[in-house]
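> These protein sequence lines map, in sequence, to chains H and G. Residue 506 in this note's numbering sits at position 506 of the first sequence, and the numbers go up by one each step. This note's numbering runs 10000 ahead of the 1-based position in the second sequence.
Among the clues, some could well be false.
Claimed, not checked - Within a straight-line C-alpha distance of at most 27 Å, the following computed DSS-like cross-link-like pairs (lysine-lysine) qualify:
hint: 1; chain 1: H; residue 1: K809; chain 2: H; residue 2: K1010
hint: 2; chain 1: H; residue 1: K939; chain 2: G; residue 2: K10114
hint: 3; chain 1: H; residue 1: K968; chain 2: H; residue 2: K1010
hint: 4; chain 1: H; residue 1: K846; chain 2: G; residue 2: K10073
No lab work stands behind these hints: they were computed from the structure. Treat the numbers as computed from the prediction; the structure is a model and nothing was measured.
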Amino acid sequence: MNENEGSAISDQRSEHAVVTPGRKLTLVEVRERLANQKGKRYWRSIDELANTPEFQKALEREFPEQASEWLDPVSRRGFLKVMGASLALAGLAGCTKQPDELIYPYVTAPEDLILGKPVYFASAFPFATGAVPVLVKTDAYRPIKVDGNPEHPYNQGGSDPITQGTLLDMYDPDRSQHVLYRGEQRPWISFVAEFRAMLADKKASGGKGLYFLSSTVTSPTLARQWQEGQKTYPQAKFIQYDPANRDSHFAAAKQAFGDYVDAQYRLDQADVIVSLDADFLGGAQFPGFHRLAKDYANRRKLQGNVDMNRLYVVESVTTATGFKAEHRLQLRPSQVAPFALDLAEAVGAGGDTGGYNWASHEATYLQGVAADLKANGGRCVVIPGEYAPPEVHLAAFAMNQALGNVGKTVVYTDPVNPMPSIQLDDLISLVADMNAGRVDWLVILNANPVYATPADLGFVDALNKVGTIVQLSSHNDETSQIAHWHINNQHYLEKWSDARAYDGTVSVVQPMIAPLYDGHSEHEILQSLLENPDVSPYDAVRTTWNAGASKGSSAPQQTKGGAVAAPDADFAWRKVLHDGWMENTAFAPKNVTAKVTLPAIAAPASSGVEVVFRPDLHTYDGRYANVGWLQEIPRPVTYLSWDNAVQMSYATLEKFGLAQNDAVKISVGGKYIIGGALPVPGQADGVVVIALGQGRSTGRVAGGVGFNGYLIQQSSSPWMLAGAAVEKTGGIYDLCKPTEDYIDQRAVFAGGDGSGTHSLEGNEALDRGIIRYASLTEYKSDPGFANKGVGHFTPGPEDSMFPAYRYDKNAWGMSIDLNSCVGCNACVTACYAENNIAVVGRLQTKIGRILQWIRIDTYFEGDLAAPRAHFQPMTCHQCENAPCELVCPVGATVHSPEGLNLMVYNRCVGTRFCSNNCPYKVRRFNFLLYSDWDTPSLKLMRNPDVSVRSRGVMEKCTYCVQRIQEVKIEADKDNRPIRDGEIRTACQQACPTSAIVFGNINDRTSEVAKLKSGSRTYGVLADLNTRPRTTYLAEVINTNEGLSRALGEYAVEKA
Amino acid sequence: MATKDAPVTNPMIDPLTGEYRVIAPGHTFKSVTDKVSRIVLTTHTPLGWWFGFLVAGGFVCMLMTAVTWLFVKGVGIWAITIPVAWGFAIINFVWWIGIGHAGTLISAILLLFKQGWRNSINRFAEAMTIFAVMCAGMFPVLHLGRPWLGYWLFPYPNSMNYWPQFRSPLMWDVFAVSTYATISVVFWYMGMIPDLATMRDRAQSRFAQFMYGLVSLGWRGSVRHWVRYETASILLAGLATPLVLSVHSVISLDFAVAFMPGWHTTIFPPYFVAGAIYSGFAMVLTLAIPIRKFYHLEDLITIRHIDNCGKVMLATGMIVAYGYSSEVFMAWYSASHWEYFMMWNRMFGPMGWSYWTLITCNIALPQLMWLRKYRTNIGLMFLMSLIVNTGMWFERFVIVVTSLSRDFLPSSWGTYRATRWDYMTFAGTLGFFTFMFFLFIRFLPMIPMSELRLMLPGAKVREKAEPHSTGTPVPEAGD
């Protein structure tokens, strides 16, 4: 109103002065004063108004003067007005501290947005081994949960820890937020200007001196952009390098088929599976994990007349896959190739190995496997490991062909990677070019080569000879610190792209949220090479699929028949976005024949210690090392968290005179690493296993965790290092292992087995009936084996003095199939995301305060040198007779009428008695303030339906009560009962093998009720009369009894 | 019993019974009253007192530091984890409550049983009870995850629609301990009133006269006063007696009601009570032996008291030993895998050392007390009292920590390594206890003069009403 603010204030003051001090402000006056202001001034006026004595007086008096009106007949509208005003004013006086925050309300509310109601979008997580199709749950357009796309033919809803963890990766507060030039912030446009100037310069020379170094490309659009760009810049080079690459496979494929092909395995067709060092149940790092795990598990559910499959695993590194095997053979890494070649010879796949001096049990095993393969020709499959030498792949190709598996259990297709290459060779030549000064510009896309390249390549030194280094990455990582230009990358949840899944199906990666820190994608950079450099990634992706210009076997628009062959390309596009994938883009099987000449077995390298490298199961090659969930959740088998270790067998540990947690120095060629020694059951002797992907030097989470195995990786043999020196340093490297392992030293009379080589926990778990299993033969003769025997008794309601609780309507229950569980941790990570579980950090994890609501318990049975392992997902059992409820003095844990054991956080005072009295030890306590209440980006990530727990309260699995309630409300609105399968817990949803089934056990037709009535069902510790709602389906293993006898193995003990 | 030579050589032995005398011969009403009241009413505070007081005060400061940090950070500064979610706090709680029991037993049960010898030691034994309960009472609050909500354990009308869950033994603790604390304080204070009046009458400074006058509640020593006093004493003793049995029984239910192997046993209530008295008497000795030496009270707290305490310790120690052996026997006899494993784990598991410490301290070494020679050896008995208290602390450690560390599910086994904050809190409460005790012996009569006077030969002479000293059992009237 006033032209000058200062005068406005003084005007008002003078106006106040006129008001008699004793007079009260009437509402009319308040309104007048407020009405006289506009826009920004409006808010300032309230403050000014609030400081006037009249106003304070008005507050002290409960109601403004006009409130006396209330005695008079007053209109509803008038009442609300007065009420609203007094509430607004009371708010001013009531809050002493208002944070200075800007609020951006929706000026125009987005269509279809109902706050509090999640919206789901289909997308894909472009992972190096193939995209994982995902369905992203967003709340107010913030992604809050990433799950597998249930309608996608590839993973059918299954996911894995890394896919789940990408959510936290996106909200990672350590993400790079700016374009940097030599460490200083620059606008993106200045990079673009410089980059394009360079491109213009280089146009004449065809891009000579321009190099791209990218992580593995799975995006057809990116490939198209590069291939088109290459027309202008034929001399430019595009190198892909991932430390965990598929070089072995591609090298062998090139040799066998003359072309790069991918092998897809159809495990649903396979009766016998032989894995040659392939950890195909371990996680997404194995191409096709989701499909393979699902198909594998579907053949183990003992439902209908589906025959059980049988898995043989020959491995040099102890993996979950190995422990799921019926028969497992541990070999030194140098023995895997000879074994594969010998096996190929034994099954008649050609080759003359010249023999190998196998130990007797190894020879027996080999013959047993060969016999089983031959007996199941066409219904078996041999899977070579990604990190096994090419000979193993060649042998596998030969065997699958000789056994008639090709086209049945294994099909060859175009590779998922549109530009397959032998990555390490390319990298080596890149380093050579760099050293030769031929590299003017090195553009690094989504890679961190300073950290993640074999140290003997001298990549860092070579970088110094590069003119300009540009790095696009999500974090300010080791390479960013050297690069001249650092471009902050968009997360896949923020950008447009596309990717192919294992089966070739193309998914469009669509943004779920506006980029948190702006950021730029690799598509923008590569688009600069093209004629129209300003085409957005969105248009680039659309162009790829509209033009049908992909290198893929089929271009979508052309082959799309029937339903989507609408003239409207937009409609088809929207369907793709809605479904999450393009129909008919899956690869067709390629009709190729392997022409393999198997080499003779070379003599094993040495008898010395062999060091094996593997990407970490959670942090992969190090790129997810800053994801707290993935760091914290204990890895399968080793149960190591927040660390990597120098893993070896118990015997090797002893040989080196080491104990667990002793610091070990492994040196080769003047380089060394120091890590903590960790004995791992079932590891071959004389082998040291090192997980890559730790020892990062940047990142609040990743920095300083573990050691960097790349420092001693050799480019000549990246996965296996012979001739390294292993020595004890005398120091202690306190590994972060949330549980301690004990060896059963008890004599027989004390309850032990007297051998001194078994796991105490494992022996006890079997004695206590926590793990019960049988061989298939035993199961067939006695289907109820799981509930027979000492300690396997389950008291019924009639055994109690007290009447059983009645659950009239719904009774929630869970059934977990231990035969299907592969221990991959997808459920655990999903639970972290769903339930806002805090990351507690290394020290807290180590001393036993990890907050996971579901965990994978692992028990080792038998001699720890070569044990059998049992995985058991363990979560709150929602006992009907819950021991925790009885002992809580404040009633903070109570039972719901539907049988849920509920935790009332607000009421909990933290006596922890409930945890003490919980036989399953699934309750988790906030000993300190573990939840991050401050970091803004993490606030966006949280599930709004679940409380964020503060210090001093107990928490635990709720069977995802928020999901139950959500569905119940929907069902109530529709006035219908809840359908079976409508409620899915987070762990169930994430499980790639559908091992977890949840539902209403009162509904006799529900899947969970059917499973629970099955003969394999047993309750863990049910003999305590806890009446657990979670039950397990006992393991049944399809032993090859002939082999078992020949090996002299213990007959499968009755559980 | 008595040897022929002993009475001749040792004046402390009553030639008639052959037992040690409760009070050294030759004491009169006046000498006793002088001796006891002078400790308090002297204007000269001994340097040794100051020294001890300051050292204890330093420990109290440490306790304050530990507790402050605890409130700032949370119970995570302690070593507790999952599965061992209870640690030092609960061990200390049970230990301190146990120590308190001897005071109540001495003041109540021995009163009812007319054990006159108790009169010398009951005052400071009761004070010990109160301070021990204060120390104990801290822990249930400190160990809460959210201590500021500890009041939710009390049933009180509120607007939160909140009511405690009475099936939980922790609720029973609240009532057991608060009742116990109340009765103990009342009993202690009431028993002190005649002595406070004596102090009032003997005090020289106006301030002391006023203060003692205030707390002596107008005691004039009239016969009516004495009658009511005696009646109230008996009534309170009657009230306190069941508490001796009930409080630790209820506390044992914290464990026995849970169904953890190693906790879930019916023998816990009696064996906890016996253990409590065991440790309590040990603490009485730990306090009495230095005090009688420092304040030259050997005449009033005699070898007889130490001998008797030794006997009680031996008896309760044997009950405790029976409890341990019963646990071992039941582990085998029950044929329960859980029990069998639990016992094996206690003895030979990673924390087996704590079990053997407990057996050594609580069973093996105290067997020396069978011999009077050792029971009357002051130095040895002091050492023994420390050993027994250590053993009883480890008993709770074994029960709490060892049982929790390896329970039903082998995947969730854990371990326990106490942190500096655990030790600081524990040592801090020891300091607090000592601190309070130093205040007590400086400002209150630590030996009940009125009751002691009843023990003197003078009190037994009934023919002549005329007392032969100024320190009559009926003190001068106040005002």
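> Which of the stated hints cannot be reconciled with the structure, identified by number in ascending sequence?
2
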